[in-house]
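Asker: If you want the building blocks of each chain, they are given just below.
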Amino acid sequence: MIWDNSFALSIIPLLLQGLWVTVKITLLGTAIAAALGLVLAVVRRLAIPVVSPVASFFVIFIRGTPLLVQAYCAYFVLPLYGVSFDAFTTGVVVIGINYSAYMAEVYRSGIEGVPVGQWEASTALSLPRGRVWSRIILPQAFRTVVPMLGNYLIQMFKDSAILSAITVVELMATAQAIGSSSFRYLEPLTLAALLFLAVSYPASQIVNRLERRYAPKH
Amino acid sequence: MRPNTDSPAVAGSAAAGPMVSFDNVSKNWGENHVLKALNFEVRAGEKVSIIGPSGSGKTTILRILMTLETPTQGLVKVDGDVLWDVKAGDRPRETRQMRATRRKIGMVFQQFNLFPHMTALENIMEAPVQVLGMNKGEAKERAVELLNLVGLSKHMDHTPPQMSGGQQQRVAIARALAMRPKVLLFDEPTSALDPELIGEVLNVIRDLAHSTDMTMLMVTHEMRFAEEISDRVVMFDHGRAVESGPPAQIFKDPQEERTRTFLRAVLQH
Ligand SMILES: Nc1ncnc2c1ncn2[C@@H]1O[C@H](COP(=O)(O)OP(=O)(O)OP(=O)(O)O)[C@@H](O)[C@H]1O
Ligand SMILES: [Mg+2]
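Protein chains in written order, with the UniProt record's numbering: chain A, 1 to 218; chain B, 1 to 269.
Rather than coming from a laboratory, the hints here were simulated on the basis of the structure.
Here a beta-carbon is modelled for each residue, glycine too, at the ideal position from N, C-alpha and C.
Please note that the accuracy of each hint is not assured.
[To be verified] Covered by chain A, according to a simulated footprint, are these stretches of chain B (three or more residues, beta-carbon under 8 Å):
1. 60-74
2. 100-111
3. 115-127
[Claimed, not checked] Here are the in silico distance ranges between beta carbons for each label pair:
4. ARG93/B to GLU211/A: 36 to 44 Å
5. GLY55/B to LEU210/A: 40 to 48 Å
6. LEU210/A to ASN28/B: 46 to 54 Å
7. LEU9/A to ASP157/B: 50 to 58 Å
8. TRP119/A to GLU256/B: 34 to 42 Å
9. SER211/B to SER109/A: 42 to 50 Å
10. ILE48/A to THR212/B: 49 to 57 Å
11. VAL54/A to GLU138/B: 42 to 50 Å
Taking the hints into account, I'd like the entire structure generated from these sequences.
Answerer: Below, the structure written as structure tokens:
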């Protein structure tokens with residue numbers, strides 16, 4: 001098979017549409033993962049009877065099962081019980097929840113990395129618990145979390161290709177569709193790979209910079 | 001300069017009783033009996049230094065007062081209010097009463113424990129704004145005053161990583177003062193400092209001791225300093241107050257053999 005330049009050029013607009021969907025999935029999924037991960041981490045740390053163990057089990061369950069299986073369950077099994085959303089929404093929620101379990105661990109290490117003296121100083125000043133979390137502990141924990149969040153964002157950007165399996169028309173699904181309808185896979189798949197790289201490489205450079213900037217200072 | 005420590009020094013204090021009292025307080029870590037049925041009182045306005053060998057329970061006393069540690073048993077009162085009332089076998093929990101009483105106490109830590117993501121000013125304003133509900137303008141005004149007091153008005157907008165240990169500890173003192181505690185605890189406030197920075201922190205504490213009615217309770221290894229600023233020095237050993245008296249007596253004419261041995265050892269350096 002020989003590379004066909006004019007065919008390649010002709011499919012670029014379609015692929016860019018797919019890329020835009022991929023980017024949307026990633027940004028929305030990351031937002032869900034960041035928020036839910038924070039809730040999971042704090043709930044686990046608070047050691048609330050029943051609630052905290054449930055959160056722990058949830059994290060273990062999500063981390064212990066493949067994203068593809070979770071996506072299939074959400075898209076093909078949940079509708080049998082009356083829970084059904086379009087593929088895009090399902091995809092975003094599934095990948096967001098999947099990553100929240102990993103983010104919870106990142107938050108946990110960030111929270112544990114805050115020296116015990118910070119809690120003690122907060123107690124000595126009688127700061128209310130909620131304020132201690134929001135103004136003392138979490139802002140410091142975020143120093144560890146921000147660069148890791150960036151890494152997960154890039155990973156999610158690539159993992160979102162898995163959602164093509166539940167008919168989300170993102171970049172990978174678009175490339176596949178072009179391939180199967182034109183019987184030419186070389187150009188769409190190569191271009192899809194290049195587009196993934198064109199986003200993820202600069203993004204990883206930015207994350208590296210963030211990592212250096214947020215490196216613990218003493 | 002020195003307030004008359006025999007009179008109730010702080011307005012609103014329970015005039016008759018002591019400012020701080022430990023009544024039969026014990027603290028065990030497993031089989032390690034760190035405090036043994038301790039009875040210990042501090043009068044309002046009194047400046048007390050606690051000395052004693054490592055592991056004798058000095059820090060534990062301050063941490064129980066700051067509610068950072070739970071006594072195994074005993075009654076602790078501050079300014080007439082119950083802070084801890086623990087019966088044998090109890091597992092005490094934080095109560096409203098305890099939180100209210102705790103507000104009368106402040107603490108300066110060995111490791112400063114400033115909030116590293118906030119400026120000196122923000123460190124000092126945080127509790128007055130969040131706990132006392134002071135408005136920001138008022139809190140800032142007061143924080144600036146306090147930074148002046150500790151000689152750091154030029155460092156208002158610096159964060160802890162931009163300051164020396166001595167400066168950080170002075171900010172920490174200002175931060176504790178911002179809550180207007182009746183009792184201020186110091187746990188070896190200069191132990192983490194390079195020798196050349198110790199003086200500036202001791203000067204601040206000395207001025208404070210001489211100019212306020214606040215009750216001060218300090219664990220220190222700076223014997224000369226303890227002698228200079230204290231109304232009373234208490235010698236601890238193995239979780240007991242073995243000797244207590246005016247600095248002149250403790251340092252010049254200790255009655256207990258353990259005090260003599262301890263002082264001989266530390267004053268040699
Ligand atoms: N969290 C803890 N777990 C177990 N044992 C502890 C804990 N904290 C303190 N101890 C023990 O309690 C005893 C008294 O400790 P404390 O810190 O009060 O001593 P100290 O008089 O302040 O000593 P130093 O001069 O070394 O600071 C020590 O034997 C110590 O090992
Ligand atoms: Mg100590």
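Asker: Hint by hint, say whether it matches the structure.
Answerer: Now for the hints, and whether the structure bears them out:
1. For a cut-off of 8 Å, the count of residues in the stretch 60-74 of chain B with a CB near a CB of chain A stands at 3, and the three-residue condition holds.
2. For the stretch 100-111 of chain B, the proposed coverage by chain A is satisfied: 7 residues have a C-beta within less than 8 Å of a C-beta in that chain, meeting the threshold of three.
3. Against chain A, the stretch 115-127 of chain B contributes 5 residues with a C-beta closer than 8 Å to a partner C-beta. That satisfies the three-residue criterion, and the hint holds.
4. A hinted range of 36 to 44 Å for the beta carbons of ARG93/B and GLU211/A is consistent with their spacing of about 41 Å.
5. Range check, GLY55/B to LEU210/A: Cβ separation about 44 Å, and the 40 to 48 Å hint holds.
6. Take LEU210/A and ASN28/B: their Cβ atoms lie about 47 Å apart, and the range 46 to 54 Å holds.
7. Between LEU9/A and ASP157/B the beta carbons are some 56 Å apart, a value that agrees with the proposed interval 50 to 58 Å.
8. At about 37 Å, the CB distance of TRP119/A to GLU256/B agrees with the hint of 34 to 42 Å.
9. Distance hint for SER211/B and SER109/A: a CB-CB separation of about 45 Å, consistent with the stated range 42 to 50 Å.
10. Hint check: ILE48/A to THR212/B, Cβ distance near 42 Å, so the stated range 49 to 57 Å is violated.
11. Look at VAL54/A against GLU138/B: about 44 Å separates their beta carbons, and that is inside 42 to 50 Å.
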